[in-house]
Amino acid sequence: MVRPLEPVLTREELADFFVEAFPGQDRTFHDFEELRPEFMRLRHSVANAMLRPGGIVSGPTQMAFADRAAYAVILAHIGIVPMAVTSNLNMSFLRAIAARDFHADAQIIKLGRRLATVDVRIWQDEPENIAAQSTVTYALPSD
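Counted from 1, the sequence shown has number 139 at position 139 by this note's numbering; the numbering is strictly sequential.
Just so you know, these hints were derived from the structure itself, not from any lab. Everything numeric in this text was worked out from a predicted model, so none of it was measured. All C-beta atoms, glycine included, are put in the ideal place defined by N, C-alpha and C. None of the hints are false.
Here are the simulated distance ranges between beta carbons:
{"hint": "1", "residue 1": "T86", "residue 2": "G24", "range": "14 to 22 angstroms"}
{"hint": "2", "residue 1": "D16", "residue 2": "L94", "range": "27 to 35 angstroms"}
{"hint": "3", "residue 1": "K110", "residue 2": "I130", "range": "17 to 25 angstroms"}
{"hint": "4", "residue 1": "D125", "residue 2": "P23", "range": "27 to 35 angstroms"}
Let's have the full structure, built from the sequences with the hints guiding it.
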């Protein structure tokens, strides 16, 4: 039986990196709620600039959140590697997200030497209320 990969960073260390790496965003923008082996849960607050007509969270906002969640869970498990980059992101939008807090659960599917793949489920209110699902692959820099 393969043992789950343990995180090497804390939620606080990760939040510090995100604030430094993405100027103009404060700690509240990156609310890392839970971190455990091969998993991370993030919360996202809503701002008016994220909404599309009809008062729902826009697709680009959801895609950026899925990408951020994948990057965060990968870095939490390999350490700060700023040059890890998205190489693929597939997104399925399943239902609308209302203009209030929503979450992402990021689960590592595979963490290799050059590629990492993460399943991200975006939800609102309850984890079972999945609004979008994304599979995100990151290219990891070689040593």
